[in-house]
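Number of protein chains: 2
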Amino acid sequence: MRASNLLISTLKETPADAEIVSHQLMLRAGLIRRLASGLYTWLPMGLKVLRKTEAIVREEMDRAGAQEVLMPSVQPAELWQESQRWEKYGPELLRITDRHQREFCYGPTHEEVITDLVRQEIRSYKQLPVNFYQIQTKFRDEIRPRFGLMRAREFLMKDAYSFHLDQASLQETYDNMYATYSRIFSRIGLEFRAVQADTGSIGGNASHEFHVLASSGEDAIAFSDKSDYAANVELAEAVAPQGERAAASETMTVVETPAKHTIDDVSQYLNKPASQCLKTLLVEGVEEGSVVALVVRGDHELNEIKAEKHPLVAAPLTFVTAEKVLEISHANIGSVGPVGLTIPVIVDHAAAFVSDFVCGANQDDKHLTGVNWGRDLPEPETADLRKVMAGDPSPDGQGHLEIARGIEVGHIFQLGENYSSKLNAVVLTESGKSQIVTMGCYGIGVSRVVAAAIEQNHDDRGIIWPESIAPYQVVLVPVNAHKSVRVKEKAEEVYQQLLAAGVDVLLDDRGLRPGVAFADMELIGIPHRLILGERGLDNGMIEYKNRRSGDGEEFAIYDVVNIIKQKLS
Amino acid sequence: MRASNLLISTLKETPADAEIVSHQLMLRAGLIRRLASGLYTWLPMGLKVLRKTEAIVREEMDRAGAQEVLMPSVQPAELWQESQRWEKYGPELLRITDRHQREFCYGPTHEEVITDLVRQEIRSYKQLPVNFYQIQTKFRDEIRPRFGLMRAREFLMKDAYSFHLDQASLQETYDNMYATYSRIFSRIGLEFRAVQADTGSIGGNASHEFHVLASSGEDAIAFSDKSDYAANVELAEAVAPQGERAAASETMTVVETPAKHTIDDVSQYLNKPASQCLKTLLVEGVEEGSVVALVVRGDHELNEIKAEKHPLVAAPLTFVTAEKVLEISHANIGSVGPVGLTIPVIVDHAAAFVSDFVCGANQDDKHLTGVNWGRDLPEPETADLRKVMAGDPSPDGQGHLEIARGIEVGHIFQLGENYSSKLNAVVLTESGKSQIVTMGCYGIGVSRVVAAAIEQNHDDRGIIWPESIAPYQVVLVPVNAHKSVRVKEKAEEVYQQLLAAGVDVLLDDRGLRPGVAFADMELIGIPHRLILGERGLDNGMIEYKNRRSGDGEEFAIYDVVNIIKQKLS
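Sequences listed follow chains G and P, in order. Counted from 1, the first sequence has number 1044 at position 120 by the numbering used here; the numbering is strictly sequential. Counted from 1, the second sequence has number 972 at position 48 by the numbering used here; the numbering is strictly sequential.
It cannot be assumed that every hint is accurate.
Each pair may be met inside one copy or between any two copies, as identical chains are not told apart.
[Stated by the list, open to error] For lysine-lysine, the following DSSO-like pairs were computed, each having C-alpha atoms within a straight-line distance of at most 27 Å:
1. K1196 <-> K1233
2. K1489 <-> K1248
3. K1184 <-> K1233
4. K936 <-> K1050
5. K976 <-> K1489
6. K1233 <-> K1012
7. K1150 <-> K1196
8. K1050 <-> K1407
9. K1150 <-> K1290
10. K1050 <-> K1412
11. K1196 <-> K1050
12. K1290 <-> K936
13. K1489 <-> K1196
Note that these hints are calculated values from the structure, not bench results.
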């Protein structure tokens, strides 16, 4: 492509309303433009990236045996009423009334439509399993659209839905989709993790989120440095310490801790590591009016999601009032401890492993030191109550956890019979009985992948595209071609050679000053840059620069096709 | 693709609500399924056709130098208010209110959005001309959706918009798009005509419709048998007869024509050809209360669109009441004629060329014979008032007109400054002045092309796809493979050979009875069928049948790849 035939709308300034890097760079590089809140037009340069991403997704879904369909974006309310989501879904569902006053929505997802199709077209177990997908514009009426395409209202989505006679078949397709998603994100060239996820409002049994790692990510992810294990930090299991607890070596002693209410204060004041000071937190119990004490190490953080799953603890997790703390422990918050409490005490595995620990004395401005489980108070009831930390052993027994931030770009679910039972999607089994089908669903936010790729791949000069989805693989910049016929002619020759060799090359024939052209191409993020000028031409040489490494080199013009093809492969 | 991995949902019965062939066959062949009124899901087999059609459109638009973009489907009301279409557009525009009570629409077309983009991104004449296109789902809230995808509410559209400094540049891109559309429909393999069109409500200067010829078409088209000339029958010029009118040879005579009111009656009764009997029609004139007489040959039909464009005639064309006819001509309808009328008389070119003609005598049940212009009444004021007929000379002087029915699948417009002036889309000219840009727009109904292709290409057994958009080029049917290992193995071998040769082949491994499988594949319309059975295998032969011609042949299995590749090229 010749740059003179392409809308290249780069901006020098960072638009004020763009808060995150991908949004800023997509605007600055001229990939997208805002039409209205949460609505963006893809300009030619950006659409090339989107289409390349879409093509990889489509190829891998086809390879996995999924069948592409295209469902209407506008869906009748009746189906959503059947699944009971019409009322439940909330205002993110863009509801529409047509000219005949019939109700519809602009689909944010298509479980109802595909289940309706399947209950009509699939009658026999012989037709199962089946996996349908589509790549389609979806709409979610976000209350506060932001971050450009990361949280837009209109976005491109790949959604897939599989149907099965039994759980084993669902699991097989689920595993296939897990592998397919891994291939897709690997092929695009992204660093990602498949993360065990909560199934949330959509319901169902098993679920993984696929996160692109990036410091700007909304979610913290814990993953093993030695295996594929990854989980949302909120959900990752904190492995209980192995082996024997150290024997008690101190005597339990009451010490004065005047005005020392935080772990840091107490730890410093008593010169004990935070890991040896235990925190005691009082929360509402599941029985009306009851209170439960939760104990974690001072250097650990209570995981509220884990805590509220404990059978004795009320969900959502609710800390009791200051008055209640005083009533139960006879001390104010900051001096509470497990010794002598008459309410249930649940202790995190790691806290239960500490000997000679420090804790509140249940007297204001006093703490206990040298406390030991099984001696100064009963052996505790233990549970996993804390958030994992970097360096914790990985729950799968392989390696240790690292923690990074991630952007969710894909999600796979085992929905089970959630939709198929409500919509009565049945097939005849081999024995001729009617049976509800079981279902999985699999999404990729295609436009979000593009934004996430930028979050992961950029520097202060702009985007650094993975080659697989770069708008162009190579840009060829002739220097001062308007002044030099031979530069212009040679550039044209090299351009044609690269095109003929199947290289996706952009010829920057805009006649800009070299510095301006270079800055544009670095902002846009073309992986490979060739520069052809008078000086090099004298020696038959062409300059090359790699966008990611910044490394430059020179090589003979006659060799350009070979060398570029090597670099691309 | 193996048929066992593909949803093939053929129907034996024609669905009751499908009125036209393409709708019936798309349902029966399992290409689409109805979700709600005017909303269809594309099943895997249908989507393959749609995607192939889309790919051809995209390739040719790219080749023509147009740049692909993707605009939001949901558009803010403000832009439509700026162009004054928010109120004008009518209830086909699906209006949407978001959660913040802001008004939007689901775009049926994107003139406003693209003009808004251009006024922000294009500042200089140097950036012009530019041509942006997108391939996108659009929505039109038809009052009575029908005919399947031919008049659906949601449909796939290729829309393009070009911007220019002047009319000459617009004309150049318009001509380019004309040629591009011709290439697109030729490549798809459709018989089509580019038809001069009225510019209708969208406004502007010049416009062509592209029609796929099919007997079920909504529009009648006149086209030359010798040139590219084509026009809607309503708009095609009826060329005035050349040369001298024959000299008068009869005397004007009043004859009794009791109860003969129609041209057919009179022509038969007087034994004169209808072409020699003139019809006189009284219509309202442009001046309040005035009446104008329009005269056409008895074998010709008044073209109301042409008539109402005459400066003396009121638009819309309105025939005067029976009382008014009597008041003006002193006779009832059926006996009116031009002789002696005191109102303006406008005569079609062909009627003015007739000598010794018959016409109403302005007395009930009487006609005049042997009437001659310039002798019995003044030489007439002439105009083009009639519809063209098959056999008329082509207006471009080349050949004669044929008339066929067509389905509009594409439309190109010169919009001029219609939108750009309302939205104030200006650029700086070479001399530094601000100038409104001029604009063209170019649409193809991609999903409609698929339906039109079926209307043009089918027989009583089903669809006959043009090879370019067939879901599969070749189907290979092994006969009774479940009973014969060697048939199964050989079929697999041939299937792999064809795949390796890049042939888009479907292996029908469903194990159906041969007749059922053949009927399915004929209904679906795969262009080439291969049949492999025990009998052929004995002689090393494979059977072939062409879907379109119905011709069958046998050839050696070892030669199958070569022969199929020949047939495909």
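To see whether the hints hold, each was checked on the structure:
1. Within a single copy, K1196 and K1233 get their C-alpha atoms no closer than 32 Å, and across copies no closer than 100 Å, so neither meets the 27 Å cut-off.
2. In this homomeric assembly, K1489 and K1248 never come within 27 Å of each other (Cα to Cα): the closest approach is 72 Å inside a single copy and 85 Å across copies.
3. Taking the closest pair of Cα atoms, K1184 and K1233 never come within 27 Å of each other, the shortest separation being 31 Å inside a single copy and 96 Å across copies.
4. Proximity of K936 and K1050 under a CA criterion of 27 Å is satisfied inter-copy only: 20 Å between copies versus 60 Å inside one chain copy.
5. For the homomeric pair K976 and K1489, the shortest alpha-carbon distance inside one copy (19 Å) is at most 27 Å, but the shortest distance between copies (30 Å) is not.
6. Taking the shortest alpha-carbon separations for K1233 and K1012, only the intra-copy value of 24 Å comes in at or below 27 Å, while the best inter-copy value is 58 Å.
7. In this homomeric assembly, K1150 and K1196 never come within 27 Å of each other (Cα to Cα): the closest approach is 33 Å inside a single copy and 101 Å across copies.
8. Taking the shortest Cα distances, K1050 and K1407 sit within 27 Å of each other only across copies (19 Å), while inside one copy they are farther apart (71 Å).
9. Neither within a single protomer nor between protomers do K1150 and K1290 lie at most 27 Å apart by alpha-carbon distance, with minima of 44 Å and 107 Å respectively.
10. When the C-alpha separation of K1050 and K1412 is checked against a cutoff of 27 Å, the pair qualifies only between copies, where the shortest distance is 20 Å, while the shortest distance within a copy is 64 Å.
11. Neither within a single protomer nor between protomers do K1196 and K1050 lie at most 27 Å apart by alpha-carbon distance, with minima of 67 Å and 73 Å respectively.
12. With identical chains, the CA atoms of K1290 and K936 are never at most 27 Å apart, being 61 Å at best within one copy and 86 Å at best between copies.
13. For the identical chains of this complex, K1489 and K1196 are neighbours neither inside a copy (62 Å) nor across copies (82 Å), given an alpha-carbon limit of 27 Å.
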